[in-house]
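**Student:** Sequence:
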Amino acid sequence: MSGMTESGFPFDDLYGPDALADWDPGSQLGVPGEYPFTRGVYPSMYTGRPWTMRQYAGFGNAAESNARYKQLLDAGQTGLSVAFDLPTQMGYDSDDPIASGEVGKVGVAIDSVEDMGVLFGGIPLDKVSTSMTINAPASTLLLMYQLVAESQGVPGSALTGTIQNDVLKEYIARGTYIYPPAESIRLITDIFAYCRAELPRWNTISISGYHMAEAGATPAQEIAFTLSDGIEYVRAAIAAGMDVDEFAPRLAFFFVSRTSLLEEVAKFRAARRMWARIMREEFGAKNPKSLMLRFHTQTAGVQLTAQQPEVNLIRVAVQGLAAVLGGTQSLHTNSFDEAIALPTEKAARLALRTQQVLAYETDLTKTIDPFAGSYVVESLTDEVEEAATALMTQVAELGGAVAAIEQGFQKSEIERSAYRIANEIDDGERVVVGVNKFTLDAEEHYEPLRVDPAIEELQSERLAVLRADRDNAEVTSALDELSRAAEGTDNCLPPMKRALAAKATGGEVANALRRVWGTYQPIDVM
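In terms of my numbering, the sequence shown has 222 at position 222, counting the first letter as 1, and numbering is strictly consecutive.
It is worth saying that the hints were derived from the structure and are not from the lab.
Among the hints, a few may not be true.
Using C-beta positions, here's what the derived DEER-type ranges look like [stated by the list, open to error]:
1) Pro-124 to Ile-314: 33 to 39 Å
2) Gly-518 to Tyr-15: 50 to 56 Å
3) Glu-34 to Leu-440: 48 to 54 Å
4) Val-302 to Arg-450: 18 to 24 Å
Capping the alpha-carbon separation at 30 Å, the derived lysine-lysine pairs in BS3-like fashion look like this [to be verified]:
5) Lys-411 to Lys-105
6) Lys-127 to Lys-503
7) Lys-105 to Lys-346
8) Lys-346 to Lys-437
9) Lys-70 to Lys-346
10) Lys-70 to Lys-127
11) Lys-70 to Lys-503
12) Lys-366 to Lys-127
13) Lys-70 to Lys-105
14) Lys-127 to Lys-105
15) Lys-127 to Lys-289
16) Lys-105 to Lys-503
17) Lys-127 to Lys-346
18) Lys-366 to Lys-289
All residues carry an ideal CB built from backbone N, CA and C; glycine is no exception.
Work out the full structure, taking the sequences as your base and the hints as a guide.
**Tutor:** Structural data, given as structure tokens:
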């Protein structure tokens with residue numbers, strides 16, 4: 001044996017035909033673009049065109065982030081990916097006392113449709129695809145985006161992009177939740193129904209394993225808990241009266257890509273195969289698009305180091321390579337300085353150039369699923385699937401993803417894995433270059449990007465002007481209508497859109513729902 005995989009399987013020194021003795025290429029492999037989609041969701045994959053290149057960006061205020069987006073688009077980026085600050089993610093305005101010290105720090109501050117208009121000023125929204133990493137208030141930010149598009153003369157039917165909108169993983173690993181699980185899922189199904197009618201090309205959810213992996217989940221845990229969350233969302237939508245083939249084609253996923261290249265390739269291939277079978281066998285989906293696990297990938301921020309940060313360029317290149325070999329539909333490559341601070345302009349450009357080298361200077365786009373039939377990759381694909389299926393069975397036996405979350409199952413499993421990995425690094429069993437091996441006596445000085453703390457005051461001033469100039473009676477009426485919808489069964493998005501169009505703030509919208517639904521209080525499972 002020569003070590004263990006990230007998921008805990010023993011690695012063989014040499015893989016041969018015996019590794020695939022029970023392997024059935026017909027049912028387990030298939031062809032690209034056909035069930036079970038092991039080899040990719042599209043027949044031509046990158047031989048037709050490369051993956052969408054997105055760079056996750058957003059900091060400070062809307063004007064600063066707008067300038068960064070334009071720089072990235074000018075550098076050849078083909079899709080935008082928006083990072084929001086913590087107050088925005090948690091449904092608080094920039095002038096709320098709880099937001100103090102966090103405005104614009106880990107993403108852009110967006111308090112109103114006016115901020116959203118600045119964020120996308122000069123960017124034609126019918127020409128770009130936009131991904132937004134927003135969860136509990138996903139409906140609010142999506143509607144702001146739609147209102148800005150309409151002000152450009154772009155109808156909802158022309159908009160393409162994705163909202164993350166996956167609140168279940170927030171209870172497991174990330175923590176930016178607002179409302180209790182049942183109410184959060186109700187809002188998500190409202191989004192499904194609204195987008196089916198108003199934004200038919202929009203991906204209504206990006207069911208995310210990335211953040212679980214950042215918290216310490218193994219590859220098998222990442223896809224097991226992500227697909228279990230996906231099952232919960234599908235069941236909720238069906239229970240709300242939707243046909244599976246009406247909404248399932250717009251579901252998307254979001255995974256991490258680590259430096260463990262072979263297992264990551266296997267993970268992506270296993271996830272596609274598992275989701276196709278779940279959708280066909282458990283939910284009876286007929287539309288082939290309902291069976292496709294389309295996913296975005298981000299390289300592993302948790303594996304970046306503040307020590308010798310330039311080494312992260314090599315890590316990110318390997319991680320990006322794994323995502324491409326695994327068949328991702330879009331990719332964000334992390335900047336080498338992200339373990340220190342927000343990416344500088346140069347670092348963000350180098351991250352994008354990494355993708356461009358993979359797409360245009362290598363032969364990766366010349367063939368589809370180059371590892372198909374590989375003894376090691378096919379064996380690992382089966383092993384990841386087997387381990388993930390066992391974990392999903394445990395989740396199901398606990399009553400499904402929400403019930404398992406409430407019992408702390410996923411969180412405790414991930415924490416156990418994180419503890420194991422931390423111990424391996426501390427003991428030197430797991431090498432991290434520049435951290436526990438090949439270290440320097442003194443690190444070189446690196447000047448990070450810093451967010452101007454005056455942004456918080458500027459945002460507060462913008463909010464004061466907004467509230468003084470708008471029709472506050474109209475805002476109050478629209479917010480009351482939203483609260484009534486939340487109390488009953490009407491879709492919450494139409495009154496929410498009217499409130500935002502009247503210049504209600506994101507915090508005011510969240511508060512209208514908090515008054516009805518309350519906020520989630522984590523259960524102590526210890």
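**Student:** Compare the structure with each hint and give your call.
**Tutor:** Each hint, compared with the structure:
| no. | hint | verdict |
| --- | --- | --- |
| 1 | Pro-124 to Ile-314: 33 to 39 Å | 36 Å, holds |
| 2 | Gly-518 to Tyr-15: 50 to 56 Å | 53 Å, holds |
| 3 | Glu-34 to Leu-440: 48 to 54 Å | 51 Å, holds |
| 4 | Val-302 to Arg-450: 18 to 24 Å | 23 Å, holds |
| 5 | Lys-411 to Lys-105 | 27 Å, holds |
| 6 | Lys-127 to Lys-503 | 26 Å, holds |
| 7 | Lys-105 to Lys-346 | 19 Å, holds |
| 8 | Lys-346 to Lys-437 | 28 Å, holds |
| 9 | Lys-70 to Lys-346 | 14 Å, holds |
| 10 | Lys-70 to Lys-127 | 13 Å, holds |
| 11 | Lys-70 to Lys-503 | 26 Å, holds |
| 12 | Lys-366 to Lys-127 | 27 Å, holds |
| 13 | Lys-70 to Lys-105 | 20 Å, holds |
| 14 | Lys-127 to Lys-105 | 29 Å, holds |
| 15 | Lys-127 to Lys-289 | 23 Å, holds |
| 16 | Lys-105 to Lys-503 | 24 Å, holds |
| 17 | Lys-127 to Lys-346 | 25 Å, holds |
| 18 | Lys-366 to Lys-289 | 25 Å, holds |
Checked against the numbered hints given earlier, the structure satisfies every one of them.
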